[in-house]
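One line per chain: the protein sequences are A and B, in this order. Just so we're aligned, residue 78 is where the first sequence starts under the numbering used here, counting upward by one. Just so we're aligned, residue 78 is where the second sequence starts under the numbering used here, counting upward by one.
Worth flagging that the hints you see were computed from the coordinates, not collected in a lab. Note that the structure is a prediction, hence the values are computed from the model and not measured. Be careful, since some hints might not be right.
Chain copies aren't distinguished; within one or between two, either way the pair holds.
[Claimed, not checked] Here are the simulated DSS-like cross-link-like pairs (lysine-lysine), alpha carbons at most 27 angstroms apart as the crow flies:
1. K479 <-> K403
2. K556 <-> K593
3. K512 <-> K404
4. K328 <-> K290
5. K373 <-> K142
6. K623 <-> K187
7. K502 <-> K404
8. K404 <-> K515
9. K491 <-> K144
10. K290 <-> K612
11. K486 <-> K404
12. K486 <-> K403
13. K85 <-> K193
14. K491 <-> K403
Protein chains: 2
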Amino acid sequence: MKDNNKIKDVSMTTLGGVGEIGKNMWVLEIGDEMLIIDSGVKFPENDLLGIDLVIPDFDYVIKNKDKINGIVLTHGHLDHIGALPYLLKEINAPIYGTKLTLGLLEGNLKEHRLLKDTRLKVVNSGKKYQVGSFEVEFIRVNHSIADTCALAIHTPLGPIVYASDFKFDQTPIDGQVADFHKLAELGDSEEGVLALFSDSTNVEREGYTLSEKVVGETVEEIFRGARERIIVATFASNIHRVQQIVDAAFKYNRKIAFTGRSMINNVDIARRLGYLQVPDDMIVDIRDCSDLPDSKVTLLTTGSQGEPYAALTRMARGDHYHINIKKGDTVMISASAIPGNEKFVGQTINKLYRRGANVIYEDVSGVHVSGHASQEELKLMLNLVKPKYFVPVHGEYRHLYKHADLAEKNGIPKDNIYIADVGDKINFSEDKVSKAEKIQSGDVLIDGLGIGDVGNIVLRDRKLLSEDGIIIVVVTIDKHGNILVGPDIITRGFVYIRESEELIESATKRVERALKDCEENNVTEWSVLKDTIRKSLNNYIYQKIKRNPMILPVIMEV
Amino acid sequence: MKDNNKIKDVSMTTLGGVGEIGKNMWVLEIGDEMLIIDSGVKFPENDLLGIDLVIPDFDYVIKNKDKINGIVLTHGHLDHIGALPYLLKEINAPIYGTKLTLGLLEGNLKEHRLLKDTRLKVVNSGKKYQVGSFEVEFIRVNHSIADTCALAIHTPLGPIVYASDFKFDQTPIDGQVADFHKLAELGDSEEGVLALFSDSTNVEREGYTLSEKVVGETVEEIFRGARERIIVATFASNIHRVQQIVDAAFKYNRKIAFTGRSMINNVDIARRLGYLQVPDDMIVDIRDCSDLPDSKVTLLTTGSQGEPYAALTRMARGDHYHINIKKGDTVMISASAIPGNEKFVGQTINKLYRRGANVIYEDVSGVHVSGHASQEELKLMLNLVKPKYFVPVHGEYRHLYKHADLAEKNGIPKDNIYIADVGDKINFSEDKVSKAEKIQSGDVLIDGLGIGDVGNIVLRDRKLLSEDGIIIVVVTIDKHGNILVGPDIITRGFVYIRESEELIESATKRVERALKDCEENNVTEWSVLKDTIRKSLNNYIYQKIKRNPMILPVIMEV
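The following block holds chain A by itself, in its conformation from the complex (with noise of 0.2 angstroms):
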């Protein structure tokens, strides 16, 4: 198999996904050719004020653009597909992937007018395709949305294993267990397997992850229970865990209304491809439902992290267009809350409550089960797989760590093991796994319409401004420098003027005073004038109450 005497260079460079949760992209090269695996978006920290999405830098593939032979992706969830949109403005490429994650992304593409000329190649798990000079194999494994693969990819040195994000099911909804044949027959060829890069994210839990069944058994233990009406939230893209609520209300004899726009599309598009079944009939639209005796009814929706203008969060607030929460209501959580969000979900609990309904949520056992694998299952991982090299991704840094030192105690050398940070090109060779280079890499932040056009001092002026609000002087002055206007002080988030006139009064007072001594010593540059502004205001404020507001000078000339 291997041509010792022109043996190509094979490495994986990371544009983000390690060190971090979301943004999961790789780019595999071998020799002069190059393969990307995944591009998604990351939601952004508390701190990245105004920023709707972070996707990664693009630049290391935008300048070698001429090397991609193809873009293969692993699933459907936005932490893998969702930057596609950006980089399919820098460069055009074939994308290869499985039916529903390309339905996914199809919707995607299409808010951003880019079905058009996009090339989408649908794979079916357990073939091998080639992709350019690659052969890649999409492998079977099981998630928390339908029709995720592992990727195996061969290279000169033996196939890379790409398993991120992934859990052993034994149990699954759709009957379609994971392939370990194909992961056992890989690790037993005789080539063996250059490197694993495997799913951290639950690294920290022991023995195995819930099956999605479990889940099953307590909706239909609450749908059993319940009399009047029933709301379900749930992640739109878990289109097993919509079945299972699906089935449970024909079981029990109930109408089903989807509310919500990602739930909408979601449904729709799982439908339309197969992946879930409702029989038309079931199907109310959520105007319809108080024509509906309340025993009759499930409700569909979004909002189990919270979110602010999401259905269930507009619910629990009571200004949903059609749904008032009533006594009687069950509502069931059916998710766990993403770290940092756990604030929301738990004021969405509270209003709930207030209004009447029932709520049950991540503390019952049962209503939730993670879709990524725990210990046991990565050790299972490791043991199928038998790789030569371990690369862990998918998790924060402390994720990557313990994964590494898992992967340690089940015998993979730990030189063998690789700890990436963003930016890496990390080589493989016969003999060791190793960093090439750390190209351009890190945040591109997305704002509106705006790629990248607010970075470190916009987001430090937002902190500003949010904390301490913006004084604005405004002094117009003729060209001799005396003062005509002013100076006027304007406030915005600082202070409620009608209790603090006094306060700006007496700062006027001293801007004025500080203005007046340029004028007796002839001071009559912009820069030292704006600068005395600023100085005798920060003092005198910081002095009377404390706070730090952006002091703004503004000079006008006449």
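Start from chain A and add chain B according to the hints.
Here is chain B on its own, set in the frame of chain A:
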């Protein structure tokens, strides 16, 4: 006991602490006499931009200040005593609390220069005190701070038992188990307990909360295994936790350094008052740690919540003055993340790992135990006290709801349970509990030295500013409304100017054209000009980049 001829009204009014976590404060009234129970702060939620603290609206007690007999305190946590410096600016009353509670309060009052004029009365648990016309018993319970008491306050209708916060620790560090006998005696008395107010924080947890001693075992194991420095972060007020770490350090022949302002203060107060035993020669200054072998060093630090400026967070970030985290360090975070802080704690852990530390945190059992009672303890409290009426306190709505449910299952009739909202004045009579009235109440926001000068308008502006920044448009006109200078556009927190010159230029042209239209139509009213500027920009900016910055027109007339 009960004088049926002239029974006085008995009521409890909440100024905070129900339907929220924090700012616990109640007012007991018997006839015309008032007693204040606790007066705490709440830490601001994320949406309270720039706010430092939240305190109760004191309107009700200020209006009735002549009726106030005194203030009684249950324990020294800030959510029970932190608002006193603000309250004491408005009213003057003696304050009763145990030694440690008042010791911690003293520090707080000193910072506000209020200590001199305050009457502090040290009480002992197990004793009865006359506070004006009120008879108050302080009853020992366990909690995550030493010297915590429940209160029994005698009324003509029988005693009210106020138990927030508490747990029952059967093996407490100081050997002082809760005063079960007193609680039982109250429950057994012929008169009977009128009402129980009880801690709802952990009502969602089954079973018993683990004993503080469990943490000691984990701590010892860690000390036994560690070869180099040990750094422990915990809540500074958890003196028993601190004691256990000191004990382990002593046993393994290590010195100890304290870092972080509140840690140093609390250790100092606790040692001085006899609540914490640390041999003098064990303590080293943090600056001298580097002179010791790593195997002799223990550091006890603040920062268990990932607070941006706390000592541990600085170490993780690499900007602590004296301590650089290095390979071999063991860092133990002996606390659980308070809801909302999960992300910050996670970030700190990741950074510590990156610096090579071995981090031990929440997921390891026994690293932390809660200070609040779980279901079995809550039931025990109900069964000991056997109250006629029950009011769940100290919890978000869902906690109060579930605690009410638990009490009902424990035999309290539904009609005898009252779930309170902030501002409810609850009347107790021999045959029912009911709402007497709703008093003025709510959140007063503290920003810097300002008390209540930041309200909804200011917060709304800060939110707007934080999301898309501000565009300021300045125009100078003459007396006839002709434009002399401008329009000039200045932005902050909006976009990188360098990248968006074109946008700003074309926006300026837009405003120019709109103003010219006004000029041609002889429109000179400032309000119309401002509106014109606002609208022309708003639409243009949104259409161009889908953002909604605040737009602030400024007109100067020369």
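Hints and how they fare:
1. K479 <-> K403: Answer is between: at 18 angstroms across copies they meet the 27 angstroms cutoff, but 46 angstroms inside does not.
2. K556 <-> K593: both (16 angstroms within a copy, 25 angstroms between copies)
3. K512 <-> K404: For K512 and K404, the Cα distance is within 27 angstroms only across copies (22 angstroms; inside one copy 60 angstroms).
4. K328 <-> K290: within (16 angstroms within a copy, 51 angstroms between copies)
5. K373 <-> K142: Cα proximity of K373 and K142: none, with 55 angstroms in one copy and 57 angstroms across.
6. K623 <-> K187: Answer is between: at 18 angstroms across copies they meet the 27 angstroms cutoff, but 51 angstroms inside does not.
7. K502 <-> K404: Classified as between; 25 angstroms across copies, 57 angstroms inside a copy.
8. K404 <-> K515: For K404 and K515, the Cα distance is within 27 angstroms only across copies (24 angstroms; inside one copy 58 angstroms).
9. K491 <-> K144: Answer is neither; intra-copy 33 angstroms and inter-copy 73 angstroms both fail.
10. K290 <-> K612: Cα proximity of K290 and K612: none, with 65 angstroms in one copy and 55 angstroms across.
11. K486 <-> K404: Only across copies: K486 and K404 sit 20 angstroms apart there, 53 angstroms inside one copy, limit 27 angstroms.
12. K486 <-> K403: Between copies, since 23 angstroms is at most 27 angstroms while 54 angstroms is not.
13. K85 <-> K193: neither (36 angstroms within a copy, 80 angstroms between copies)
14. K491 <-> K403: So K491 and K403 pass the 27 angstroms test across copies only (20 angstroms; inside, 58 angstroms).
When held up to the earlier numbered hints, the structure conflicts with 5, 9, 10 and 13 and fits the remainder.
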